[in-house]
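Novice: Okay, here's what each chain looks like letter by letter:
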Amino acid sequence: MVFAHGFGCDQNMWRFVWPAFAEEYRIVLFDHVGCGGSDLRAYDIGKYASLEGYADDVIAICRELDLTHSIFVGHSVSAMIGAIASIQVPELFDELIMIGPSPRYIDDDDYTGGFSEAQVHELLEFLDDNHMGWSQAMAPVIMGNPDRPELGQELANSFCMTDPEIAKRFARVTFLSDNRADLDRVTARALVLQCHEDVIAPPAVGAYVHQRVSNSAFVLLNATGHCPNLSAPEETILAMKIFLAGERSAAQNVGP
Amino acid sequence: MNQLIEDLEDLFDNAPCGYVSTGPGGHIIMANRIFADWLGRARSDIIGRRFQDFLNIAGKMYYETHFAPLMRMQGFFHEVALDLVRADGSKLPVLVNAVERRDEKGALSFVRITIFNASDRRRYERELLEARRCAEKANAELQNLNRTLEERIAEAVEARMKSEAALRQAQKMEAVGQLTGGIAHDFNNMLAVVFSALNLLERRLAKGEDVSHFIAAAKDGAGRAAALTQRLLAFSRQQALAPEPICANQMVAGMSDLLHHTLGEMVRLETVLAEDLWQVLADKNVLENVVLNLAINARDAMPHGGRLVIETANSHLDEAYGAEHDVKPGQYVMVAVTDTGVGMSPEVMAKAFDPFFTTKEPGRGTGLGLSQVFGFVKQSEGHITVNSALGRGTSITIYLPRYSGAPEARNHSEAQMPVCGNGSETVLVVEDDEQVLTLTAQMLRDLGYHVVEARCGEEALGALSAVPAIGLLFTDVVMPDINGLRLAEAALERRPDLKILFTTGYSRDAVVHNRLLDPGVNLLQKPASLEQLAAKVRTLLDG
Ligand SMILES: Nc1ncnc2c1ncn2[C@@H]1O[C@H](COP(=O)(O)OP(=O)(O)O)[C@@H](O)[C@H]1O
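Residue numbers (numbering that gives the first Met the number 0), protein chains in the order written: chain Z, 0 to 255; chain U, 0 to 542.
Hints were generated in silico from the structure; no laboratory data involved.
Worth double-checking, as some hints may not be accurate.
[Claimed, not checked] A few chain Z residues that face chain U, going by a derived Cβ cut-off under 7 angstroms, partial list only:
| no. | residue |
| --- | --- |
| 1 | Cys8 |
| 2 | Tyr24 |
| 3 | Gln118 |
| 4 | Val198 |
[What the hints assert, rightly or not] Just the calculated beta-carbon pair ranges, DEER-fashion:
| no. | chain 1 | residue 1 | chain 2 | residue 2 | range |
| --- | --- | --- | --- | --- | --- |
| 5 | U | Gln142 | Z | Ile60 | 25 to 31 angstroms |
| 6 | Z | Ala59 | U | Gly22 | 21 to 27 angstroms |
| 7 | Z | Glu124 | U | His26 | 25 to 31 angstroms |
| 8 | U | Glu5 | Z | Glu124 | 54 to 60 angstroms |
| 9 | Z | Asp43 | U | Gln330 | 23 to 29 angstroms |
| 10 | Z | Asp43 | U | Tyr123 | 33 to 39 angstroms |
| 11 | Z | Tyr24 | U | Glu135 | 26 to 32 angstroms |
| 12 | U | Lys136 | Z | Glu124 | 19 to 25 angstroms |
Predicted, not measured: the structure shown is a model, and the values here were computed from it.
No residue lacks a Cβ here, since even glycine has one placed at the ideal position from N, Cα and C.
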C-alpha cells in the first residue's frame with residue numbers, strides 16, 4: 000500500500016492512518032521530491048513542471064520495490080498523480096484511494112473546480128510575496144532553524160519545511176493543472192473520499208471525479224476540511240477498509 | 000463570583016486581541032467582541048462558521064494545506080501571517096496563534112485561536128522588504144558601477160600606456176636621430192683621417208718619401224670605423240657569431256691584464272671563479288667584449304675608485320623562474336659583474352639597455368654598451384639581470400646556456416695564425432664593388448698570389464672554366480645576380496677540390512644559419528686587415 004502526500008505536507012500526514020494497515024499490507028511512505036526529507040538536489044524544474052514528473056517518480060518507486068497490483072492512497076494532488084501513474088502502468092495498482100482529489104481547481108464553463116481563475120492567481124501571488132503563510136519573522140525558523148524549541152524538531156526538520164521556490168512551483172502545478180481528461184482512462188478500482196466543507200476540493204469536485212472514473216466508489220465523510228486523514232483518521236480508515244474488503248458493488252453502497 | 004465572571008468577560012471581550020474558539024468539528028463556538036468588531040460583523044454572524052471562512056482565498060488554502068494539518072500533528076501553531084476579510088471586503092493583516100485543548104481522554108474539546116492585529120507589523124515587514132530590495136538594487140547598481148569603473152580605468156590605463164609607448168618610441172627616434180648624427184660625425188672624422196692620410200701618402204709616394212706614418216694613420220682610422228660598425232651590428236643582433244666551447248673562468252683569467260689596464264689603479268679587481276664551472280658555447284671575442292663593456296661601465300660608475308667583482312657560477316633556472324622571465328628553464332653558466340659604484344635610479348635602470356641611452360656626457364658614452372651586451376645575451380639564448388640602487392652599486396648578471404659537448408679546441412685562433420701568409424697560387428676574387436675588388440686583388444697580389452677578378456657570379460663561373468689553375472674562390476656573399484653561397488655550390492660542382500672563402504660586411508646573409516656560422520664555412524669579416532686576409536687564405540690553401 001503506497002501512500003502519497005499532497006501539497007503542503009509530507010509523509011507525516013499519514014501517521015494516524017498507515018498503522019491501521021501495517022499488519023495486512025506492506026506500507027510504502029515517501030516524500031515527493033522538493034518536500035519533506037527529500038533530496039532537494041533531485042528537484043528538476045522541467046520534470047516537475049507537470050504532474051507526469053511526479054507520476055514518473057511513483058512508477059520508479061514501484062519498480063524499485065517490485066510492486067504490482069498494489070494499492071495507491073493519494074491525498075489531494077497526489078490522488079491525481081496516482082491516477083496518472085496507474086494509466087501509464089496499469090498493473091501497478093489494482094486500487095486507487097483518492098482523498099480530496101481534484102482534477103482541476105479552476106472553474107470552467109460547466110465545471111465547478113471551486114476557484115475562479117482570479118482566486119488561483121491571488122494564491123500564486125501570495126506565494127510570490129514569499130509569505131508562505133508565515134510571517135517574515137517566522138519563516139526562517141520554519142525553514143529549519145529550530146532555535147525555538149516549542150516548534151519541535153519534527154516541524155523544523157520536515158513538516159512544512161519546504162524550499163520556498165519549490166513550494167511555489169509545486170503550488171503552480173497543483174493549482175494550474177487540468178487532468179480531467181485523464182479520469183476517463185483510469186481502469187483501477189477507485190475510491191473517492193470526500194470531506195464536508197472542503198474549500199480546496201469541494202464535494203462537487205469529488206462527485207465529478209467519481210462520475211468520470213468508471214470503476215469508482217464515492218464516500219462523503221462526516222469530516223470537514225481537506226485532511227480527513229489527520230482530522231478524522233478513524234473514519235478515513237474505516238472507509239478505506241470497507242472499500243478494500245468489499246466487492247465493487249458493495250463499495251458503491253458505502254456512504255451516506 | 001459574579002464580579003469575577005463579569006471581569007473575565009470584560010477581559011475576554013476587550014482584550015487587545017481577537018479570541019475565537021472552535022469546537023471539535025472546526026466550527027466557531029465563541030468569539031470576542033474585538034474579533035467581531037475587526038470583521039465588522041455581528042457575533043451571531045460568526046458563531047457556527049469556521050475560522051478559515053473569514054480568511055482571504057490564499058489564507059483559506061494555506062490554512063487547509065499547511066496549518067490545519069500542522070495543528071493536528073503538533074497541537075498548536077504560532078505566528079501565522081494571514082489576512083482576515085472584513086464584511087466590507089477590506090483586508091486586515093493578522094498574526095494567528097492556535098492551540099488545541101483536549102480532555103483527560105485525549106479527545107479534542109476545542110481549539111483556542113488568538114488573533115493579533117498585524118497591520119503595523121505587516122507594514123514594517125513590507126517596508127523592511129522594500130528597504131532590502133532597495134539596498135539590493137543599490138548594491139547591484141554599485142557593483143555595476145564598479146564594473147564599468149574598472150572597465151573605464153582599464154581603458155584609460157590602456158590609452159595612457161599607448162601614449163606612453165608612443166612617447167617612448169618618439170624618444171627613441173629622437174635618440175636614434177642624435178646617435179645617427181653622432182655616428183655620422185664619428186665616421187666622418189675617421190674617414191677624414193683615412194682620406195687625408197691617403198692624400199698625403201699619394202703625394203709623399205710621388206716624391207719617394209717615407210710614408211709609413213700615413214699608412215699607420217689610415218689603418219687606424221679605418222680600424223676604428225670597423226670597430227664602430229661591429230658595435231652597431233652587435234646591438235642590432237646581427238653580428239655573425241662564431242661560437243665555440245669556452246670556459247668562462249679561463250676567459251676571465253685571460254682578460255686580467257686588459258681589465259687591470261682598463262680599470263685603472265683606483266679600482267680593485269676581484270674574481271670569484273667557481274670550481275668545475277660548466278662550459279658555454281659562445282663567440283669568445285664577443286663574450287670578452289661583453290665583460291669588458293660591463294667593466295668599463297663599472298669603472299665609470301666609480302670615479303673615486305672602488306671594487307669590481309667578477310664572479311662565475313653554475314646555475315639552474317627553474318620552470319617558475321623561466322616562465323616569469325621568458326627564458327628557457329635549464330642549466331646556465333652565470334657571469335656576474337658587480338661594482339661598488341654610484342648605482343642606478345629605477346628610471347635609469349629601466350632604460351639602461353635601450354640602445355643609445357646614456358647618462359654620460361657626449362663623447363664619453365654612446366649608450367651602446369649595455370644594448371650590445373643585451374643583444375649578445377639574447378642571441379645566445381641566455382638571460383640577463385640587473386640589480387642596482389642609487390649609492391649601493393650595481394650588479395649585472397648574465398646567464399649563458401651550458402654547453403654539454405666535448406671541449407673542442409678550435410683549430411685556429413686568429414692570434415695563432417701566421418702573420419704572414421704568402422703564396423703563389425691562383426685566387427679568383429668575386430666582388431661587385433669595383434673599389435673593394437681592386438683593393439682586395441691588389442692585396443692578394445702583394446702577397447704573391449695570382450689573381451683573377453670577377454664582378455658577378457656569371458663572370459666568376461666563366462673564369463673558373465677558363466683558368467684551371469684557380470685554387471681558391473674568394474667571394475662576397477651579397478651580389479646582384481646570384482649570392483655567394485649559390486656561386487660556391489655551382490663552383491664546387493665544376494671543381495670539387497676548390498677552396499672557398501666568403502667575405503661579408505653584413506651578415507644577415509645566406510652564409511649565416513640562425514645567425515650562427517655553419518661549421519665548415521669559412522668567413523672573413525669585412526673589412527679585414529692584410530694580415531687577416533693573408534692568414535685566412537694561406538690556411539685554406541694549406542688545409
Ligand atoms: N655599472 C653601472 N653603474 C651605474 N650605472 C650604469 C652602470 N652600467 C650602466 N649604467 C647606466 O646605464 C647607461 C647605459 O649604459 P651603456 O648602454 O653601457 O651605455 P654608456 O656606457 O655608453 O652610457 C649608462 O649611461 C649608465 O647611466
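Novice: Could you run down the list of hints and mark each one as holding or not?
Specialist: Quick rundown of the hints versus the structure:
1. Cys8: It holds, given that the least Cβ distance between Z/Cys8 and chain U is near 5 angstroms, below 7 angstroms.
2. Tyr24: Since the shortest Cβ distance to chain U is 23 angstroms, the answer is violated.
3. Gln118: The hint holds - Z/Gln118 has a Cβ within 7 angstroms of chain U, the shortest such distance being about 4 angstroms.
4. Val198: 5 angstroms, holds
5. U/Gln142 / Z/Ile60: 25 to 31 angstroms: 45 angstroms, violated
6. Z/Ala59 / U/Gly22: 21 to 27 angstroms: 44 angstroms, violated
7. Z/Glu124 / U/His26: 25 to 31 angstroms: 30 angstroms, holds
8. U/Glu5 / Z/Glu124: 54 to 60 angstroms: With Cβ atoms ~46 angstroms apart, the hint is violated.
9. Z/Asp43 / U/Gln330: 23 to 29 angstroms: 58 angstroms, violated
10. Z/Asp43 / U/Tyr123: 33 to 39 angstroms: 38 angstroms, holds
11. Z/Tyr24 / U/Glu135: 26 to 32 angstroms: Once the Cβ atoms are compared, 52 angstroms apart, the range 26 to 32 angstroms for U/Glu135 and Z/Tyr24 is violated.
12. U/Lys136 / Z/Glu124: 19 to 25 angstroms: 21 angstroms, holds
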